[in-house]
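Letter by letter, the chains look like this.
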Amino acid sequence: MKIKLLYFGRPRDTLKRPGETADLPPGIATVAEMLAWLRQRGPEWQAELAENRVRCAVNQELGALTAPLHDGDEVAIFSPISGG
Amino acid sequence: MTISIQTSDFDVAAELAALRTGHAEAGALVSFVGLVRDFSEAGRVENIFLEHYPGMSEKALANIVAEANRRWQLLGVRVIHRVGELRPAEQIVLVATASAHRGDAFAACEFIMDYLKTSAPFWKKEQTAQGGHWLGTKESDIERARRWDGQGENR
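Protein chains in written order, with our numbering: chain C, 1 to 84; chain X, 1 to 155.
To be clear, the hints were calculated from the coordinates, so they are not data collected in a lab.
Take the hints with a grain of salt, since some may be wrong.
Derived EDC-like pairs: lysine to aspartate or glutamate, alpha-carbon spacing no greater than 20 Å straight-line [claimed, not checked]:
| # | chain 1 | residue 1 | chain 2 | residue 2 |
| --- | --- | --- | --- | --- |
| 1 | X | Lys138 | X | Asp149 |
| 2 | X | Lys138 | X | Glu41 |
| 3 | C | Lys2 | C | Glu61 |
| 4 | C | Lys4 | C | Glu61 |
| 5 | C | Lys16 | X | Glu85 |
| 6 | X | Lys125 | C | Asp13 |
| 7 | X | Lys125 | X | Glu85 |
| 8 | X | Lys125 | X | Glu139 |
| 9 | X | Lys138 | C | Glu51 |
| 10 | X | Lys59 | C | Glu74 |
| 11 | X | Lys59 | C | Glu61 |
| 12 | C | Lys16 | C | Glu44 |
| 13 | X | Lys138 | X | Asp38 |
| 14 | C | Lys2 | C | Glu74 |
| 15 | C | Lys2 | C | Asp23 |
| 16 | X | Lys125 | X | Glu90 |
| 17 | X | Lys59 | C | Asp73 |
| 18 | X | Lys125 | X | Asp38 |
Some chain C residues well away from chain X (every beta-carbon gap over 12 Å; in silico) [what the hints assert, rightly or not]:
| # | residue |
| --- | --- |
| 19 | Lys2 |
| 20 | Arg10 |
| 21 | Leu35 |
| 22 | Ser79 |
Cβ coordinates follow ideal geometry from the N, Cα and C atoms, glycine included.
Model the full structure from these sequences, guided by the hints.
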C-alpha cells in the first residue's frame, strides 16, 4: 500500500527530509510495523525511529503506534509534542 | 477569527479589545501569554525554533477550543501560536477567554493551554551553547492535562 509519510521535529531534522511517499511491502499493517521496516534503512533510521522516541498521527489524528494502516493514509512521525 | 498560527508577533491589548467587542455581557477576560525563557536546563538559550504540522495544528487547536466551549460557558476564545525562530523574551502563544464570570474564563484558559501543551502538533528546538536539541513533552504537562479528565465534562 502507498502511504504519505511526513516527518516533524527531531526525526525531520536528523533524517533531513520533510516526508516521502512510501510503497510498503505486503504484510505491513500497522504504524509500528512500518517503523520496523523504515529502521532497516540504516543506523540513523534505527536510532531515530526507535519506538520509545517517536509518536505518530494517522490522517491528522494522534494515534498509538499500533494504529492500523490503509492505502492512501497520511502518517506523520515525530518526536514528542513540545509546543506552547 | 478564533485561531491563528503565524510567524509574526501579536499585540495582546489589541487581541483582548477585539475579544470584548460585541460582548457587553462579558464580566471576565482572562489571558495567558507564553514567553521564550532565556535559560533552560541546557544553559543560556540563544533562540528557539518552533515547527508545526500544517493542516493538523489548526484542527487540533480548534478541537481543544471546541472542548473548552462544551465544558464551560464562554463568550469568546482567542488562540495565537507563533512558529519559526524566536528569541528570548519574545511571545510564543496567547490564549484568551471571555465569559460572563471569571470561574469559567480562568478554567477554560488553563485547560486550553494544558491540552495545547500535550496534544497540539507543535515542536520546539532550543539552541544553546551546547548545540540544538528538540524538547520532549514534560511529565508535569502530561499530569496537568490529566487533571482535567472528568472535570466539567458532563456539562
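Comparing the hints with the structure gives:
1. Distance hint between Lys138(X) and Asp149(X) is fulfilled; the C-alpha atoms sit about 18 Å from each other, no more than 20 Å.
2. Note on Lys138(X) and Glu41(X): the hinted pairing holds, with a Cα-Cα distance of about 13 Å set against a maximum of 20 Å.
3. For the given pair, Lys2(C) sits about 18 Å from Glu61(C) by alpha-carbon distance, which is consistent with the 20 Å threshold.
4. For the hint pairing Lys4(C) with Glu61(C), the CA-to-CA distance comes to about 14 Å; that is within 20 Å, so the pair holds.
5. A C-alpha spacing of about 18 Å is found between Lys16(C) and Glu85(X), which places the hinted pair at or below 20 Å, so the restraint holds.
6. Restraint check for Lys125(X) and Asp13(C): the C-alpha separation of about 10 Å stays at or below 20 Å, so the hint holds.
7. A C-alpha spacing of about 9 Å is found between Lys125(X) and Glu85(X), which places the hinted pair at or below 20 Å, so the restraint holds.
8. Under the criterion of a C-alpha separation no larger than 20 Å, the hint pairing Lys125(X) with Glu139(X) is consistent with the structure, at around 18 Å.
9. At roughly 18 Å between alpha-carbon atoms, Lys138(X) and Glu51(C) fall within 20 Å of each other, so this suggested pair holds.
10. Using a Cα cut-off of 20 Å, the hinted pair Lys59(X) and Glu74(C) holds, with the two alpha carbons roughly 15 Å apart.
11. Among the hinted pairs, Lys59(X) with Glu61(C) is consistent with the structure: their alpha-carbon atoms are about 9 Å apart, no more than 20 Å.
12. Between Lys16(C) and Glu44(C), the direct Cα distance comes to roughly 11 Å. Compliance with the 20 Å bound is thereby established for this hinted pair.
13. Between Lys138(X) and Asp38(X) the CA atoms are separated by roughly 18 Å; this keeps the pair inside 20 Å, and the hint holds.
14. At roughly 9 Å between alpha-carbon atoms, Lys2(C) and Glu74(C) fall within 20 Å of each other, so this suggested pair holds.
15. For the given pair, Lys2(C) sits about 5 Å from Asp23(C) by alpha-carbon distance, which is consistent with the 20 Å threshold.
16. For the hint linking Lys125(X) to Glu90(X), the alpha-carbon distance of about 15 Å falls within 20 Å, and the restraint holds.
17. Distance hint between Lys59(X) and Asp73(C) is fulfilled; the C-alpha atoms sit about 17 Å from each other, no more than 20 Å.
18. With a C-alpha separation of about 14 Å, the suggested pairing of Lys125(X) with Asp38(X) holds against the 20 Å cut-off.
19. Listed as a non-interface residue, Lys2(C) keeps its Cβ farther than 12 Å from every Cβ of chain X; the least gap is roughly 19 Å.
20. Not every Cβ of chain X is farther than 12 Å from the Cβ of Arg10(C); the closest lies at roughly 4 Å, contradicting the non-interface assignment.
21. For Leu35(C), the non-interface assignment is confirmed: its Cβ lies about 18 Å from the closest Cβ of chain X, beyond the 12 Å cut-off.
22. Residue placement check: Ser79(C) does not keep its beta carbon more than 12 Å from all beta carbons of chain X (closest about 5 Å).
Hints 20, 22 from the earlier list are contradicted by this structure; the remaining hints agree with it.
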